[in-house]
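Chemist: Residues per chain are reported as follows:
2 protein chains.
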Amino acid sequence: MKANRIHNFNPGPAALPLSVLEEIQENFLDFKGSGMSITEISHRSKQFDAVINDAMARTKRLLNLDDRFQVLFIQGGASMQFCMIPMNFLADDKSADYVDTGTWSTKAVKEAQIQDKPIKVVASSADKNYAYIPRDIRFNEEAAFVHLTSNNTIKGTQWSNFPDTGAVPILCDMSSDIMSRPLDCNKFGLIYAGAQKNAGPAGVCLVIIRDDMLERVPENVPTMLKYSTYAAKNSMYNTPPCFAIYTVDLVLKWLEETIGGLDKMAALNRDKADLLYDLIDGSDFYRATAQNDSRSLMNVTFRLPDENLEQQFVQQALENGLGGLKGHRSVGGCRASIYNAASLESVKALTDFMMSFENKNG
Amino acid sequence: MKANRIHNFNPGPAALPLSVLEEIQENFLDFKGSGMSITEISHRSKQFDAVINDAMARTKRLLNLDDRFQVLFIQGGASMQFCMIPMNFLADDKSADYVDTGTWSTKAVKEAQIQDKPIKVVASSADKNYAYIPRDIRFNEEAAFVHLTSNNTIKGTQWSNFPDTGAVPILCDMSSDIMSRPLDCNKFGLIYAGAQKNAGPAGVCLVIIRDDMLERVPENVPTMLKYSTYAAKNSMYNTPPCFAIYTVDLVLKWLEETIGGLDKMAALNRDKADLLYDLIDGSDFYRATAQNDSRSLMNVTFRLPDENLEQQFVQQALENGLGGLKGHRSVGGCRASIYNAASLESVKALTDFMMSFENKNG
Chain E
712 MKANRIHNFN PGPAALPLSV LEEIQENFLD FKGSGMSITE ISHRSKQFDA
762 VINDAMARTK RLLNLDDRFQ VLFIQGGASM QFCMIPMNFL ADDKSADYVD
812 TGTWSTKAVK EAQIQDKPIK VVASSADKNY AYIPRDIRFN EEAAFVHLTS
862 NNTIKGTQWS NFPDTGAVPI LCDMSSDIMS RPLDCNKFGL IYAGAQKNAG
912 PAGVCLVIIR DDMLERVPEN VPTMLKYSTY AAKNSMYNTP PCFAIYTVDL
962 VLKWLEETIG GLDKMAALNR DKADLLYDLI DGSDFYRATA QNDSRSLMNV
1012 TFRLPDENLE QQFVQQALEN GLGGLKGHRS VGGCRASIYN AASLESVKAL
1062 TDFMMSFENK NG
Chain Z
712 MKANRIHNFN PGPAALPLSV LEEIQENFLD FKGSGMSITE ISHRSKQFDA
762 VINDAMARTK RLLNLDDRFQ VLFIQGGASM QFCMIPMNFL ADDKSADYVD
812 TGTWSTKAVK EAQIQDKPIK VVASSADKNY AYIPRDIRFN EEAAFVHLTS
862 NNTIKGTQWS NFPDTGAVPI LCDMSSDIMS RPLDCNKFGL IYAGAQKNAG
912 PAGVCLVIIR DDMLERVPEN VPTMLKYSTY AAKNSMYNTP PCFAIYTVDL
962 VLKWLEETIG GLDKMAALNR DKADLLYDLI DGSDFYRATA QNDSRSLMNV
1012 TFRLPDENLE QQFVQQALEN GLGGLKGHRS VGGCRASIYN AASLESVKAL
1062 TDFMMSFENK NG
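These protein sequence lines map, in sequence, to chains E and Z. Okay, so the first sequence: first residue is 712 according to the working numbering, each after it adds one. Okay, so the second sequence: first residue is 712 according to the working numbering, each after it adds one.
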């Protein structure tokens, strides 16, 4: 680890590849010979056009999206998507199926309900504090869409495979695992992801939309809340969050050119998660909170024998250069978020620390 | 001008103070000893709390806001405000008065109309291609609010004084002149400004709201579109655009500590604008497009004898290190945007170039 940098296990905003940060830093006063910072150039300039188009093209290549899909950049995070989805796709008061796998899917449900949309929660893992991903769900054939959260940052669970929803498109919040593994785009009508976990900094949401979903958007939705506005204007109806999109582009370039694509990224992510889960499963001191078949490869949530030890664990980890290990305030415990940019080296430093902490306190 | 940097007259995103850019660059890999970039730290951390609270406190001090006002940071730019305003303040189908001074106010009107709100356009300068600010307007006493655009980036006009609207609060888009002069907050119920002109980079909108306006927000508005959500959660209901807010904070620090406050900034802005308008008024070659009493101190719009010369002007200016002088594509001509961070030195370089160009081509 470079001098002054810590091993960053933050749940989001989260670690970014050091090479990306260094490239931003190096070019910060003069972007590509423009004589301006990336924060000062016009979004209508040739230079920025190249950035946003490159970010869109890399997204399509990395996720193997076919020509039916378009990449959009929207502000407001995944939380804004929770309200845009019912506005854009349930205007005719059709119903939709939602699966509730914890905090973020619960919020998505709530935003549809605020708009008085007749949605159905067809499955939930609330009965076991969201420690698992529901199986064998009965979806409604007449639903406008099925809404899922692919990875549950707070509960530490993840869909390892997506369910068969027949002809009904899946609309999926992939904020915390987009770009962490290859994608079969055929199941999806819409994918969205706040960038600040696997794809960039806070301040932009990556949205992937299929053309038939665009056709469903009604006319009378406010301009900034219509997916069709972003699709028609290459995400520049108004000034986009230029710096955030630029950083996303650099992260995607790193994924393609340094990592070598999503198959390789997925293998590396599997190795990282295995290191942690193997240690936890082999220990009587640490205990994983998610059920075995539902475990997230992105957010490893675990408990120690008591809360006092958990506090000491988080504190001593930080003193040893390992940051961001506190569980979400709503659930407590510990959590290691090991998104794409968290290196194998960082995870090894963490497992070393965990073994040493157990030896001293176990 | 530092090597490789140009004189930047972009209309937005626009020039930022060089010292701000240098501070960002210097600390980009390790923010305040955290061992993380500002793009990697948690928005729930002590470090980021200090940033966002400092930005709010500086905004209140600079604009001399009293305790009735709260500072919010919202994504989506001014365009998102165009739709949030009717959603939050016209839920009961009350009417509001809008003044149409060109492109951006026209869009604000359109977004209220999309929502079927019974608003009234009580004044417009459309009859003279928006070259002036309307005077002696009759406002409706029963209006929920009056909406104004304080500075019209594209048309080059600006309200030098705000009208008397009695007890009706003014809701004002100050995207292109916020922080350029002192403010008398008493007239305003809501002020909003996309940061990318006078206050920071693209990706965050600075919103100032008075407590009585917050009380008007209805319950059934989507969470991310309610002003009360941001007010209750210190603008962190969900992950805010951390980097953009950090940069705004540094720009506000520069305004307070380097410039010395908004009285001084206003005097400097007046000097910059005078240099340009004096040159234009003393020339038969250049012609200002805005009426004398309505001229913007932020965006100086002007024409040359013909479009061919205008093209040459913009091109040769760029070759001489003066960027961003092309008028908006909807109106043509030339425009020098001289926001806070455009230095007197840059404006002098521009007037020198303008005199030389006139001598060669006049």
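Calculated directly from the structure, the hints in this document are not laboratory data. You may find that some hints are simply not true.
Unchecked claim - In silico lysine-lysine, DSS-like type, Cα no more than 27 Å apart, as pairs:
(1) Lys898/Z - Lys757/Z
(2) Lys828/E - Lys828/Z
(3) Lys771/Z - Lys805/Z
(4) Lys818/E - Lys831/E
(5) Lys964/Z - Lys743/Z
(6) Lys898/Z - Lys964/Z
(7) Lys975/Z - Lys818/Z
(8) Lys898/E - Lys818/E
(9) Lys757/E - Lys818/Z
(10) Lys818/E - Lys818/Z
(11) Lys828/E - Lys771/Z
(12) Lys743/Z - Lys821/E
(13) Lys818/Z - Lys944/E
(14) Lys821/E - Lys944/Z
(15) Lys1071/E - Lys1059/E
(16) Lys743/Z - Lys1059/E
(17) Lys828/E - Lys805/E
(18) Lys828/Z - Lys805/E
(19) Lys805/Z - Lys944/E
Chemist: Is Lys828/Z close enough to Lys805/E, meaning Cα to Cα at most 27 Å?
Modeler: holds, 25 Å
Chemist: Against the 27 Å threshold, does the CA-CA distance of Lys818/E and Lys818/Z hold or violate the hint?
Modeler: violated, 31 Å
Chemist: Take the C-alpha atoms of Lys757/E and Lys818/Z, compute the straight-line distance between them, and say whether it is at most 27 Å.
Modeler: holds, 26 Å
Chemist: Do the alpha carbons of Lys898/Z and Lys964/Z lie within 27 Å of each other, as the hint requires?
Modeler: It holds: about 26 Å lies between the C-alpha atoms, which stays within 27 Å.
Chemist: Please verify whether Lys818/Z and Lys944/E have alpha carbons no more than 27 Å apart.
Modeler: holds, 16 Å
Chemist: Straight-line Cα separation of Lys828/E and Lys828/Z no greater than 27 Å?
Modeler: holds, 22 Å
Chemist: When you check the alpha-carbon spacing of Lys1071/E and Lys1059/E, does it fall within 27 Å?
Modeler: holds, 18 Å
Chemist: Between Lys964/Z and Lys743/Z, is the straight-line Cα distance small enough, at 27 Å or below?
Modeler: Roughly 16 Å between the alpha carbons, so the hint for Lys964/Z and Lys743/Z holds.
Chemist: Taken at face value, is the distance from the CA of Lys1059/E to the CA of Lys743/Z at most 27 Å?
Modeler: holds, 26 Å
Chemist: For Lys821/E and Lys944/Z, compute the direct alpha-carbon distance and say whether it is at most 27 Å.
Modeler: holds, 18 Å
Chemist: Straight-line Cα separation of Lys805/Z and Lys944/E no greater than 27 Å?
Modeler: violated, 33 Å
Chemist: Next pair to validate is Lys975/Z with Lys818/Z; report whether the Cα-Cα distance is within 27 Å.
Modeler: Measuring from Cα to Cα gives roughly 33 Å; hence the hint is violated.
In the structure shown, a violation is registered for the earlier hints numbered 1, 3, 7, 10, 11, 12, 19, in ascending order.
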